[in-house]
Amino acid sequence: MTLIKPGLVATLVLELAFCISVVMLITRARKGLKVPTIRKVAGLDALDEAIGRATEMGATVHYSPGIGAVDNAQTLAAMSILGYVAKTCAKYDTRLIQTNRNNVVYSIAEEIVKQAYAEVGKSDAFNPDDVRFLSEDQFGYASGCVGIMHREKVRANILIGAFWAESLIFAEVGAQIGSIQIAGTANTHQIPFFIAACDYALLGEEIYAASAYLTREPVLMGCLIGQDWGKMAGVLLVVVGAVMATMKNNALRDLLNK
Amino acid sequence: MRKELPLAITFISGIIVVLANFLAPTWFVEANKEVTLWFQITSALFCALGVVNLTRIHSKRVSQQREGWIFSALIIASMFLFMGISLVVGQQHQLYKNMYNNMNVPLNATMYSILVFYIASAAYRAFRVRTFEATILLVAAAIVMLGKAPIGEAVLGSWVAEWTTWILDIPNTAGMRGIQLGATLGGIAMALRVLIGIERAHFGGTGE
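Protein sequences appear in the order of chains A and B.
Per this note's numbering, the very first residue in the first sequence carries number 222; after that it's consecutive.
Per this note's numbering, the very first residue in the second sequence carries number 1115; after that it's consecutive.
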């Protein structure tokens, strides 16, 4: 009996190599060795601007982590950004309404928002009713969000996480009510909708870079560099594979299928 | 211990789930099934929290007679009605099926169908020619729309369909795959950060 499933040996080796390189860079960052700076991400820089605008207008910030469950990496990335958004809102006494489609995500989000208020010394200002579970149903959740956006004077709409067909409903309604909108997802079919309807869009991997970018913590930055190394290796494989396939040589394809 | 125990559980269960995609031994597959079952059971427990949250927010709206309180009353009534009927007669009963198929399904379809208007308004906004990139987008979109609609090929000839296929298969797919490559690696790195306990936002803090 084989230990590794057939056809997945190369994938496992590549994933392990990637993980080892990320861990190596994290260790390097922990030791205090220099890690390169990262480029500016306009969408993440705009978070403060969006919350600031809502604060000036005495309006509300709406945050949606998408409709993915907690086992979706995009939802976890959204939870990291939620901590930052909640803390900033708490600091400026801006109302934050955080909506959820998933029960588990809802309970995590409630803890994050509560903790954010506690960290800036405003535990009393935390309103548990502003962290809401709306519906497990995709379009039930969408209609709930749309209602909140219209009713609660939302002027900053932050949509970061795993979105599907409801993405455009959120983004278009946000645009109609005049919200400043920051949206991000790794679901490639929804990215064009966000680009068309939102002021700032985070594309794919940018949502995963958020925690490193916002906290500037060296360990997280090290992880980000590891990601870039992996991307460069991936691009190299694509180029070599394309050249070999053009020359009718299937050696790399066969190797990766082992 | 409050931090270490959840971290240890995350690490062990996470490693099992990840490796189960690659490893073949039966005992490993069984271990993965067990972890997945535990995840489902835990997720089901959280359902109650959702019900409590909905009931708390909407009953407050009803009791304070805030604007639109009637809709809140409707939410509470329909939620408990559905829940009660499914508990009493079961989800396979005709009554439950009728309620689901004739209330939930049409409401979902209505919400979904609204998308067509949003797509039109988003397209209008995206296609306004203000920059060179927007011009390329407009031209590409016009060709794809004409190529996908039967009238395009009938009036302009087969080149529209051929150009549409080329736009969708070559530049579009290349762009999508580029984003997917970055996003997948980002996802793996995110999972790794969670497994080794660097990313802790999901434990309820702000991740700092």
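Don't take every hint at face value.
Per the computed footprint, the stretches of chain B lying under chain A, defined by three or more beta-carbons under 8 Å from a beta-carbon of chain A, are [what the hints assert, rightly or not]:
id : region
1  : 1131-1143
2  : 1210-1223
3  : 1252-1264
4  : 1274-1283
5  : 1297-1306
No lab work stands behind these hints: they were computed from the structure.
Even for Gly, the Cβ is constructed at its ideal location relative to N, Cα and C.
Results for each hint:
1. 1131-1143: This one holds; 5 residues, not fewer than the three required, reach chain A with a Cβ under 8 Å.
2. 1210-1223: Held - the region 1210-1223 of chain B has 3 residues with a Cβ nearer than 8 Å to chain A, which meets the minimum of three.
3. 1252-1264: Contact hint for the region 1252-1264 of chain B vs chain A: violated, 0 residues under 8 Å.
4. 1274-1283: violated (count 0)
5. 1297-1306: holds (count 9)
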